[in-house]
Amino acid sequence: MFKNLTGWSRVKSPWICHLNTGGCNGCDIEVLAALMPRFDIERFGILLKATPRHADVLVCTGAITRQMKDRAVRIYEQMPEPKFVIAVGSCACSGGVFWGCYNVLGGIDKAIPVNVYIPGCPPRPDAIIHGVIKLLGALDPRYTELLEELKRKGEIHVSGK
Amino acid sequence: MSAESDIQDKLKEVFGEKISELKTIRERRVFVRIPLPLVKEVISYLKQNLGMTHITTITAIDVGEEIEVLYHFLCRGVALSLRTSVPKANPVIDTITPIIPGAILYEREIQDLLGLKVKGHPDPRRLVLPEGWPEGVYPLRKEYKVKVEES
Amino acid sequence: MSVSIPIGPQHPALKEPTHLMVTLDGERVVDIDMRLGYNHRGIEKGAESRNYIQNIYLTERICGICNVAHTSTFCQGVEELLGLEVPKRGLFIRTLLCELNRIHSHLLWLGVAGHEVGFDTLFMYSWRDREIVMDLIELISGNRVNIGINAIGGVRRDISDDMRPQILQGIGQLEDRSQYYLEVASTEVTFVRRTQGVGKLPKEKAIELCAVGPYARASGVEYDLRKDDPFAAYPYLDFKVITSDRCDVLGTAIVRVLEIMESCKMCRQIIEGLPPGEIKVKAPRKVPPGEVVSKTEAPRGELIHYIRSNGSDRPERLKVRTPTLADIPSVLYSLRGGYIADIPIVFAAIDPCMACMDRVLLLDIDNRKTESMMTWEELREYGMRWYANRKG
Amino acid sequence: MTRIGSMFPEIWRHLFRKRATVLYPFERLNVPKGLRGKPVFDEKKCSLKCKGACAIDCPAKAIVMEKIDEKASRPVFLLDRCAFCGQCAESCPFGSITLSEEFELAQYDRKSLISKQW
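From first to last, the protein sequence lines are chains A, B, C and D. Numbering of the first sequence is given in the working numbering, commencing with residue 1 and proceeding in unit increments. Numbering of the second sequence is given in the working numbering, commencing with residue 162 and proceeding in unit increments. Numbering of the third sequence is given in the working numbering, commencing with residue 313 and proceeding in unit increments. Numbering of the fourth sequence is given in the working numbering, commencing with residue 705 and proceeding in unit increments.
Treat the hints as calculated values from the structure; they're not laboratory data. Beta carbons are placed, not taken as given, at the ideal position from N, Cα and C, and that holds for glycine. Errors might be hidden in some of the hints.
To be verified - Label-pair ranges, simulated between beta-carbon atoms:
(1) Arg302(B) <-> Ser498(C): 25 to 33 angstroms
(2) Arg152(A) <-> Val553(C): 54 to 62 angstroms
(3) Ser246(B) <-> Gly585(C): 40 to 48 angstroms
(4) Phe551(C) <-> Arg302(B): 39 to 47 angstroms
(5) Ser751(D) <-> Asp167(B): 19 to 27 angstroms
(6) Arg53(A) <-> Arg721(D): 34 to 42 angstroms
(7) Ser9(A) <-> Ser498(C): 53 to 61 angstroms
(8) Gly177(B) <-> Pro514(C): 24 to 32 angstroms
(9) Phe712(D) <-> Arg152(A): 26 to 34 angstroms
(10) Glu584(C) <-> Lys722(D): 26 to 34 angstroms
(11) Arg721(D) <-> Ser498(C): 30 to 38 angstroms
Unchecked claim - Some chain A residues flagged as far from chain D (calculated, every beta-carbon gap over 10 angstroms):
(12) Leu5
(13) Trp8
(14) Arg74
(15) Trp99
(16) Lys110
(17) Asp126
(18) Ile129
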């Protein structure tokens, strides 16, 4: 009984911690815009927490620079165990436009394991919310059904290809 | 074109033939080449007489066996760029921070990215490159090649 | 006896990675040292291995908030190298987006400043109103933040006639919202008491340390590139340069809100006076050898791109100096002597954009003192003693 | 000069205004016509012979040309690298690439972000 209670509370209120590892801060302001009144992801119980210790989900933006690599790993280790990482923006997914720059190592997955990749430069706040729902879908199938149902109604173009 | 020609005449009359390539490529853009030892003297002259206080930035370019240094100033609304070149063998220039304190950052940058030793700099610590960066490797030099690996 | 506290690269007040080593004497900041480099991506070296078209998109991603300023500077520089004559309509559209980007950047700053002072209502309100200008930018350029509107030789998208009423209506809303924010920024007690007299920067210090942008204009330095070195369509617009002689963080807030209203006025002039004709001129791929100093007024101040070309389709050298970098010496000057609680707001006064700045870092100008670390008990007694003799 | 509560009339007025929040998955924001979303490749228009005019100009090197035979090649879009800037649509001499308005592209792994559209 206790197990699905924690599972339920984890899905219902995933607290996020935002980490910018060296991008152009376009995605940071889009993550913030998702927290603002217009998109307001607090209705999913998502709160922006300052310290990684209180957070379940690490929202990473920006390509990994050489300087931030070990700090990102240290912050990832400080997070409590059921932890997930969302890479927001093409720089976080793969280093994007900064290929060949000597101080950029590439995407976030060069330092920490990533669960959901959200491409876009920067992804719109609703694309970020769609990524968060997709992550929640991995924990609780009802969210994936929600996405499937909305896809059938043609509300969202969830693209497989 | 009054400000530009005014600056050019003043420079020509004081420094005469020591400065060269004095040209105005368009309004509010003046380029001039000055020999290395004269850098401090020209800048302090410009500061006292033409009321120049604002430095925009210092650019350093690796042109084969020399490093070209451009000081970009704002003098009476004109973007004045002083150009000198430093031999790559012993790349040393002296600091202009006592004359224009705002230049402290830009000297640190060329020191770090191009290996130009700045003599007399109040704080010559490492700049923007990460701690683990090997000594003596300067990324903005031509011989530094970035290996582009396909991800 | 003082304590040095590292404010690490990941910190709630600073949205972006920078590292502040603050040396404190009790609550008062004695000396501050800033270590950047967390955001340094080596863009200048990267620019040398890309052709001019790819470089537009690379310079655009130097900073996400003031990206249209970067692409305008870069395209303007390359157009000067090529000797291209950009059609007037293209210049007007480029200026319109520069001003819309300034409005969105200043509203963003107003919210972040409110958040760092703990005044979250202002944060929520100003960011909700920022959505109006984000919708306008998205309508014109197709992307909310990274506006890819500039190309070498003009702009990529035109403003069709059915967009005009929407833009004018949006600007009307923005005008009365900024009127309201001016009243809030200058009279609301929660905001004024935390920003009045904080982060003092006298005018001669601002001139000496070469500060730029709204931060310098709040200390009375009359320096605005749109007036002194007009580029794009600014010669055809009439606007006034806003300065205030308050020399503190509240001054920067008032200057920025007034600049929003000025930008709204300019956008209205541009939309009404939009000349007909072409928006773009065909540009060759190879640029003849030459060099250019291209300067524009980014939302945070004077931005310079130095481009040197060697006749091929790749630049030989691209040097970018962004406004935040010029403001750092003056913000560190004004941080000294303040309280630790004021660090976020004073630091936010220059609207730091680490992504912009990370080509250089700075250290305290006068000499450095090394202190030994104190244990927790020593710190507590020291704190009580410090406050006791402060009262006595 | 400073007054307490200059925000109260504003807060009072907001009690009766329409809510500002768009309940995203259930309620969608109408997307403007020219939104730069996922690049869509139309093989009929493409000449397959130009050896990647789009790939040369792509700032993020997000287009890889896949060989069909020794002369012809087709672009493969790596969506995790793509910056959605629309330069490929402009550089393609035959206009075979257009940007759709699809922006919900989150995936669990990078492999499913590689889009081969033929």
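Whether the CB-CB distance between Arg53(A) and Arg721(D) falls inside 34 to 42 angstroms:
38 angstroms, holds
For the hint 54 to 62 angstroms, verify it against the beta carbon of Arg152(A) and that of Val553(C).
Cβ of Arg152(A) to Cβ of Val553(C): about 56 angstroms, so the range 54 to 62 angstroms holds.
At the C-beta level, are Phe551(C) and Arg302(B) separated by a distance inside 39 to 47 angstroms?
Check passed, 44 angstroms falls within 39 to 47 angstroms.
Chain D versus Asp126(A) - minimum CB to CB distance exceeding 10 angstroms, so not interface
5 angstroms, violated
Was Leu5(A) rightly flagged as not at the interface, with every chain D Cβ beyond 10 angstroms?
Its Cβ never comes within 10 angstroms of chain D, the nearest being 25 angstroms, so this holds.
For the range 26 to 34 angstroms, tell me whether the beta carbons of Phe712(D) and Arg152(A) fit it or not.
Violated, at about 47 angstroms.
Claimed clearance of chain D by Ile129(A), with the beta carbon kept past 10 angstroms:
5 angstroms, violated
Between Glu584(C) and Lys722(D), does the C-beta distance stay in 26 to 34 angstroms?
Hint holds: Cβ distance 30 angstroms, inside 26 to 34 angstroms.
Any Cβ of chain D at or closer than 10 angstroms to Arg74(A), or is the non-interface label fine?
It holds; Arg74(A) is separated from chain D by about 24 angstroms at its closest Cβ, greater than 10 angstroms.
Is the Cβ of Lys110(A) farther than 10 angstroms from every Cβ of chain D?
The claim stands: Lys110(A) keeps its Cβ more than 10 angstroms from every Cβ of chain D (closest is about 12 angstroms).
Between Gly177(B) and Pro514(C), does the C-beta distance stay in 24 to 32 angstroms?
39 angstroms, violated
For Arg721(D) and Ser498(C), compare the CB-CB distance with the range 30 to 38 angstroms and indicate the outcome.
25 angstroms, violated
Hints 1, 5, 7, 8, 9, 11, 15, 17, 18 from the list above are not met by this structure, while the remaining hints are.
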